[in-house]
Amino acid sequence: MTKLIIPLLALVALAFAPNFVSAYGLGLLIGAATYVTLASAWALFSGHTHYVSLATVAFYGTGAYCMAVLNEALPYWAVLLCAGGIGATMAALVGLSTLRLQGVYFVIFSFGLAELVRQLITWYEVNVTGTLGRYIFLDISARDIYWQMLALGAATIALTAWIHRSRLGMALRVIGDDEAVAAHSGINLARVKLIAFVLSAVILTLAGAITSPRYVYVEPAIVFNPTVSFLTVIMALLGGANRLWGPALGAVPLFLVFEWLSTNFPDSYPIFMGLLFIGVVFLLPDGILAGIEKLRARRKVQS
Amino acid sequence: MSFLAIEHAVKQFGGLRAVDDVSFSLKRGEIVGLLGPNGSGKTTLINLISGALPASAGTITLNGQQLTGLRRDKIARCGVARTFQLVRILPSLTLIENVKIPAVFGHKAHWGAAAERVAKDALAMVGLSERATMSAGDLTYIDQKRLELARALAAEPELLLLDEWLAGLNPTELEEGIKLISELRDSGLTILMVEHIIDAVRALCPRVVVMNSGKLIADEQTDKALTDPAVVTAYLGEDVDA
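Protein chains in written order, with our numbering: chain A, 1 to 303; chain B, 1001 to 1242.
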């Protein structure tokens, strides 16, 4: 029961947080909520299967573009619906053709996908519509964006918790360990991977759509920035990609650190980012949560 | 009426026929040894039955249901369970979780308490009950083999395929292993086992099928097969003095 009460109380507290912070503080809250959502959604598929996807920004950027293109033609909720649908369709098509790729091949492919989508949209905008950038003028406040992102993040974590207890979650863990054993145990590999990949992609696309009004001006180079994909991966890994709260735990501090670095060292902050990447992989390969557990186990043995 | 029927099974790898027009069948409840020198196509045949590899030609049916052309997971849900020549466990899962997987996703599709019970029974059968919550990655080789067998049993299979499950055991463990398989046989399970340890084959299998270079060269009583000149030649080569 306490397992449910504490997160719910935290959620209520976070929902009231905009009343107590400045505009800059609200911006930080939105950013943190966005990365918690992205990292948790990424881990929903990649955490247990170990399929490291760098396609996060392909879906995130697609969501943002949906909002940019459709916001004047459709009501807001319908745009979100469209974005979710487009994200799901894209993930299903891509997933069907590529989820048999394993290891580094999948990593490279997913990275290529993000670039491909970006180049396709650039090509389309330059050659067909003739305008590369688009403006998003929506009558939506920063608070609304924050609340929506908070709700999406909470829904993602709740969905992950449910999946962990379900047959789907069990199947994903087996796939991460040994696909041959999984198949010979009766697990339909293609279906399981596809369901998880599509669920994850829908959330990533929605996150892009919800946060896009903050950009005001949108162009492919901005919303398909591969740094978003890399950050998402490293945040999830830092916290522990196969734990329920791991991605959130990694996302908040790393987002704040990057925010601080990019304002104080705007030219050299990618260097610190690189160092952090290396540090996380070397020191905490299984994430903070697993690290803490190991430390506790060691203390127990000593005492 | 045959339970497992293999008819003219062929597996072609480029220019190599790893399984070359093999036909034989098993009755329900029968235990048959699959013998043959290294590279004769035994594991490939196991892979064809379990769907790890698609057959190039021929049909394999289980209880009238055609297996050839089905995916691995579908074949598993038809009631075929297997172990692997190179033992494959799920290292990041606990023992009980390892064993629960086929109980949940296999042809009986248990969930909750029922899956737990099937998994516990399977672990008890191979003597790993006390370590149920240990991580499978921490097991010794022999215990990993036991775990793999427990996992196959938790599928509650109709047909069990053992690929050199007894290989690499010391004499005491071998004795236990043979006893375990004979219990499975007595429970009425149909078993096809690839095995090199002749003592084990004699003890367990009244009948053997023998392969050499992809072809079936004998299908007879174990005693007869082991003195069959064709089989002896396949294992030992031609007698140069003859």
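Check before you lean on any hint, since a few could be wrong.
Computed list of lysine to aspartate or glutamate pairs in DMTMM-like fashion (alpha-carbon distance at most 20 Å, straight line) [to be verified]:
{"id": "1", "chain 1": "B", "residue 1": "K1074", "chain 2": "A", "residue 2": "D178"}
{"id": "2", "chain 1": "A", "residue 1": "K294", "chain 2": "B", "residue 2": "D1138"}
{"id": "3", "chain 1": "B", "residue 1": "K1074", "chain 2": "A", "residue 2": "E179"}
{"id": "4", "chain 1": "B", "residue 1": "K1179", "chain 2": "B", "residue 2": "E1220"}
{"id": "5", "chain 1": "A", "residue 1": "K3", "chain 2": "A", "residue 2": "E293"}
{"id": "6", "chain 1": "B", "residue 1": "K1215", "chain 2": "B", "residue 2": "D1199"}
{"id": "7", "chain 1": "B", "residue 1": "K1108", "chain 2": "B", "residue 2": "E1173"}
{"id": "8", "chain 1": "B", "residue 1": "K1027", "chain 2": "B", "residue 2": "E1175"}
{"id": "9", "chain 1": "B", "residue 1": "K1108", "chain 2": "B", "residue 2": "D1121"}
Please keep in mind that the hints were generated in silico from the structure rather than gathered at the bench.
Going back to the hint list, which numbers does this structure go against? The structure conflicts with hints 4, 6, 7, 8, although it agrees with all the remaining ones.
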